[in-house]
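> Here is what each chain is made of, one letter per residue.
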Amino acid sequence: MSSKPNAKAVLEVKDLQTYFKTDAGIVKAVDGVSFTVHEGETLGIVGESGSGKSVTNLSIMRLIPSPPGRIVGGEILFEGIDILKLSESEMRDIRGDKISMIFQDPMTSLNPFLKISTQMIETIRLHNSDMDRKEALERSIEMLKLVGIPSPEKRIYSYPHQFSGGMRQRVMIAQALSCNAQVLLADEPTTALDVTIQAQILELIKKINSKMGTAVILVTHDLGVVAGMCDKVCVMYAGRIVETALTEELYTNPAHPYTEGLIRSVPRMDTKNKDRRLFSIEGQPPNVIDLPPCCPFHPRCHKAMEVCRHAYPPKKDLGNHHEVACWLYLDEETKTKALQDAIREEKA
Amino acid sequence: MGTTKKPLLEVRDLKQHFPITTGNILNRQVGAIRAVDGISFDIYPGETLGIVGESGCGKSTTVRSISQLHKPTSGSVIFNGIDMVNADKRTMLRARQDMQLIFQDPYASLDPRMTVRSIIAEPMVIYNNRKLLPEPMTSHEMEVRVEDLMERVGLNKAFKNRYPHEFSGGQRQRIGIARALALNPKIILADEPVSALDVSIQAQILNLLGDLQKEFGLTYLFIAHDLAVIQHISTRIAVMYLGKIVEVSESAQLYDSPKHPYTVALLSAAPIPDPKVERERKRIILTGDVPSPDKEREGCYFYDRCPKKMPWCSCHIPPMFGITANHEVACWLYSPEDVSAISMEDALVDAAKQKTEATTGKK
Chain A
11 MSSKPNAKAV
21 LEVKDLQTYF
31 KTDAGIVKAV
41 DGVSFTVHEG
51 ETLGIVGESG
61 SGKSVTNLSI
71 MRLIPSPPGR
81 IVGGEILFEG
91 IDILKLSESE
101 MRDIRGDKIS
111 MIFQDPMTSL
121 NPFLKISTQM
131 IETIRLHNSD
141 MDRKEALERS
151 IEMLKLVGIP
161 SPEKRIYSYP
171 HQFSGGMRQR
181 VMIAQALSCN
191 AQVLLADEPT
201 TALDVTIQAQ
211 ILELIKKINS
221 KMGTAVILVT
231 HDLGVVAGMC
241 DKVCVMYAGR
251 IVETALTEEL
261 YTNPAHPYTE
271 GLIRSVPRMD
281 TKNKDRRLFS
291 IEGQPPNVID
301 LPPCCPFHPR
311 CHKAMEVCRH
321 AYPPKKDLGN
331 HHEVACWLYL
341 DEETKTKALQ
351 DAIREEKA
Chain B
59 MGTTKKPLLE
69 VRDLKQHFPI
79 TTGNILNRQV
89 GAIRAVDGIS
99 FDIYPGETLG
109 IVGESGCGKS
119 TTVRSISQLH
129 KPTSGSVIFN
139 GIDMVNADKR
149 TMLRARQDMQ
159 LIFQDPYASL
169 DPRMTVRSII
179 AEPMVIYNNR
189 KLLPEPMTSH
199 EMEVRVEDLM
209 ERVGLNKAFK
219 NRYPHEFSGG
229 QRQRIGIARA
239 LALNPKIILA
249 DEPVSALDVS
259 IQAQILNLLG
269 DLQKEFGLTY
279 LFIAHDLAVI
289 QHISTRIAVM
299 YLGKIVEVSE
309 SAQLYDSPKH
319 PYTVALLSAA
329 PIPDPKVERE
339 RKRIILTGDV
349 PSPDKEREGC
359 YFYDRCPKKM
369 PWCSCHIPPM
379 FGITANHEVA
389 CWLYSPEDVS
399 AISMEDALVD
409 AAKQKTEATT
419 GKK
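Taken in order, these protein sequences are the chains called A and B. So in the working numbering, spot 228 of the first sequence is number 238, and the numbers just go up one at a time. So in the working numbering, spot 272 of the second sequence is number 330, and the numbers just go up one at a time.
Hint data in this document are derived by calculation from the structure and do not stem from the laboratory. Be aware that a few hints might be false.
Quick list of in silico lysine-lysine cross-link-like pairs, DSS-like style, CA-CA up to 27 Å [said to hold, decoys possible]:
(1) B:K353 to A:K164
(2) A:K216 to B:K129
(3) A:K347 to A:K313
(4) A:K221 to B:K334
(5) B:K334 to A:K217
(6) A:K24 to A:K108
(7) B:K73 to A:K216
(8) B:K340 to A:K221
(9) B:K244 to A:K217
(10) A:K155 to B:K366
(11) A:K155 to B:K189
(12) A:K18 to A:K325
(13) A:K217 to B:K340
(14) B:K73 to B:K340
(15) B:K129 to B:K215
(16) A:K326 to B:K63
(17) B:K129 to A:K155
Could you put together the complete structure from these sequences and hints?
Dropping the structure here:
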C-alpha cells in the first residue's frame with residue numbers, strides 16, 4: 011500500500027473458491043479470488059449483483075450456508091492463521107471479535123423482539139466472559155455515543171423499531187465495533203439508506219477507520235462511494251476479480267474493458283458537456299452456472315478477441331499495485347499458446 | 059420553455075393526506091400522514107421534469123395522486139385540459155389513456171402468471187373492452203402491436219410467450235416500458251425506473267428512455283433518488299422534502315447554483331465517481347433524520363435540520379421565491395425582505411397575527 015507503506019497485512023485471501031450446488035448445476039459464486047488488506051486500509055469490492063461480492067465476505071466470516079454452499083478451495087489468512095482450518099468454536103472467537111460485519115439491511119439484521127441494550131450486551135459478554143452486565147452496558151453506551159446516537163443512556167433501552175434506518179445502521183456499526191474488531195466487513199452498508207444519511211454513515215466508517223486503525227472491506231456497487239472511501243479497489247465480475255488497483259489509478263486508467271465501461275456508464279452530475287447518451291455495456295451479466303473456461307465478459311466486451319472465447323486470461327501486473335485479468339495486456343506469444351492449448355483441450 | 063406553450067400537465071396545490079385511525083370499532087381519525095402537502099408545478103410537452111428527494115418525501119405519492127390511483131385530498135390536476143380530480147369516471151379513464159406509469163420494482167410490477175404478450179397487451183385489452191379506444195382493435199392488431207413494441211424496447215419478439223421469471227431485471231423493466239407505451243401515451247410517469255437495476259443495465263434503460271422520448275415525442279415525469287440520474291435525464295428538476303417542493307430549477311443550473319440549504323446538502327452528500335473530486339469536496343453533513351410527516355407544520359418544513367435556520371423560519375411557511383425565470387426556491391433566505399434580523403419573539407407575534415387575520419378573513 012503506497013499510503014501506508016509499513017502497515018502489516020491483517021487479512022489475506024488466497025485463491026478463495028466458494029461453490030453452491032444447485033439443481034441446475036454448480037454455481038461458482040466465487041472462483042479464485044485473492045486480495046490482501048492491511049492495517050488501517052480501506053479496500054473496496056465493486057461489482058454488479060451476482061458477481062460474488064457478498065459471498066466473498068460471507069466466506070471470510072465462514073457464514074456460507076452449507077449445504078448448498080461450500081468453500082472448496084483457497085486460504086483465508088487472518089494474522090497468519092488460516093481461518094478455514096479452524097474448528098467452529100475457535101472460529102466463534104474470531105467472528106464478531108476480531109473480524110466483524112455490518113450487513114446491508116439494517117431493518118432485518120437486528121432482532122425486533124429484543125431491546126438494543128440486550129443485543130449489545132450479549133455481543134460484548136459473549137466475547138469478554140469476565141465482563142459483568144454493568145460494565146458491558148457502560149461499554150455499549152460508550153459505543154452508541156461514538157457512533158452518534160443522541161442521548162444513548164436513554165435510547166439504549168429502545169426496541170429496533172423505534173429507530174430510523176440510519177440510526178439502526180449506526181447501532182449495527184456500534185455492535186460490530188464493540189469488541190475492537192481489527193477487520194470490519196461492510197456489505198453494502200448504505201445501499202438501503204438515503205443520500206444524506208449515507209453521507210453520515212460513510213463519514214462514521216471513515217472516522218473509525220482512521221481513529222482505531224480498523225481495516226475495512228467495503229462491498230458496494232456504487233462507484234461514487236468507492237471513490238470517496240477506499241484506498242484500493244477490486245472489481246469483480248462473475249465470481250472473479252478482473253482488476254485491482256489503487257483508487258485513483260483505477261479511475262484515471264481503468265485497464266479492463268469492464269471497469270472502463272462501468273465507470274463510463276454512470277451519469278455524473280459535475281460534468282458540463284452532457285451528450286445525452288450514456289456509454290452502456292450491452293447485454294446481461296452471465297449466468298454463473300457451468301461457466302465455460304473463457305473470459306466471462308467476452309460476449310459484452312467491445313475489444314473481444316479470439317483467445318477470449320477460449321481461455322480465461324491470467325493476471326498481469328501493470329506495476330504500481332495495478333493488476334488486471336485481460337488478454338489485451340498479454341503479449342502475442344502467450345495468447346497464441348493459450349489459444350492453441352485451449353483448442354486442443356476442447357477437442358480432447 | 060416558452061411562455062406561449064400550454065402546459066400538458068398542471069398540478070395546483072395538490073395534497074394527499076392518509077388518515078391515521080384508532081383502529082378500534084369506532085375507527086376515529088386521530089391524525090393524518092401528510093404525504094404530499096401542497097405542491098404545484100407544470101409540465102410542458104416534450105420536456106422531462108425530474109423529482110428528486112429522500113425516501114418518504116412523497117415522490118411516489120405524487121405520481122399516484124396525479125394518475126388518480128389515490129384520490130387527492132385537495133388540489134387540482136389538469137391534464138391535457140381535463141380536470142382529472144373532478145371529471146366523471148369515463149372522462150378520467152379516457153384522459154388517463156395518455157398517461158402511463160413505469161414502476162420501480164420490475165419483479166413486483168409484472169404478474170408472474172401472465173406471459174409477456176398478455177402483459178404488454180393488457181392495457182389495450184382493457185381499453186378495448188371498455189370501448190374507450192378511439193377505434194376498436196382486433197386481436198390481430200394487438201398481436202402486431204405487441205411485437206412492434208417488443209422490438210422497439212429491445213426485446214426479441216420470439217420471447218412473447220415466456221413468463222416474467224425467465225427474464226433478468228433489465229429485461230423486465232423493458233417489458234414494463236413496452237406495456238406503458240402500448241396505448242401511445244403523451245406522458246409517462248416513471249417512478250424510480252432504474253433504482254433497482256445494476257449500473258451497466260441502468261445506462262441501457264436510461265438510453266432507451268431517451269431514445270423513446272425523441273422518437274415518440276414523449277413527456278416524462280421522472281422520479282429518482284439518485285441525483286446524477288435525475289440530472290442526466292431531466293430538463294427541469296424539482297426537489298422535494300417532506301411533501302413539499304423546496305426548489306425547482308433548470309437541471310444544469312441546479313448543480314451549479316443550488317439555493318435551498320436542503321438542495322445544497324443533498325448535492326454535497328451525493329458521491330461523485332471520481333476520487334480526485336471526491337477527496338477535495340467539502341461535505342455538508344445534515345444532522346438527524348427526516349421527521350415524520352404526521353403533524354401540521356407552522357414553519358418551514360426543513361427547520362429542524364437546516365444549517366441556516368433563522369427564528370422567522372420556525373413559524374412562517376416559505377412561499378416560492380423566484381430567483382430567475384426558471385428557478386424558484388421556497389426558503390426565507392431568498393425573500394425580498396430581509397427576515398434574518400427578526401427575533402424569535404417578534405416572529406411568533408407576527409405569526410400569531412397572521413393566523414388570526416387568516417381565520418377572521420375566512421369568516
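> Verify the proposed pairing of K340 (chain B) with K221 (chain A), using a straight-line Cα cut of 27 Å.
holds, 20 Å
> Holds or violated: K334 (chain B) and K217 (chain A), Cα atoms, limit 27 Å.
Measuring from Cα to Cα gives roughly 19 Å; hence the hint holds.
> Run the distance test for K216 (chain A) versus K129 (chain B): straight-line Cα separation, threshold 27 Å.
violated, 46 Å
> Is K129 (chain B) close enough to K215 (chain B), meaning Cα to Cα at most 27 Å?
violated, 37 Å
> Given the hint that K155 (chain A) pairs with K189 (chain B), does the C-alpha gap stay at or below 27 Å?
Between K155 (chain A) and K189 (chain B) the Cα gap is close to 64 Å, so the pair fails against 27 Å, i.e. violated.
> Holds or violated: K73 (chain B) with K340 (chain B), Cα cutoff 27 Å?
Violated, at about 36 Å.
> Are K24 (chain A) and K108 (chain A) close enough, with their CA atoms no more than 27 Å apart?
Holds: K24 (chain A) and K108 (chain A) sit about 19 Å apart, inside 27 Å.
> Does K313 (chain A) lie within 27 Å of K347 (chain A) when you go C-alpha to C-alpha?
holds, 20 Å
> With the threshold set at 27 Å, check whether the alpha-carbon distance from K18 (chain A) to K325 (chain A) stays at or below it.
holds, 24 Å
> What's the verdict on K73 (chain B) and K216 (chain A), does the C-alpha distance respect the 27 Å limit or exceed it?
Judged against 27 Å, a Cα distance of about 41 Å means the pair is violated.
> Are the Cα atoms of K353 (chain B) and K164 (chain A) separated by 27 Å or less?
holds, 25 Å
> Is the Cα-Cα distance between K155 (chain A) and K366 (chain B) 27 Å or less?
Holds, at roughly 26 Å.
Going through the hint list in order, the structure does not satisfy hints 2, 7, 9, 11, 14, 15, 16, 17.
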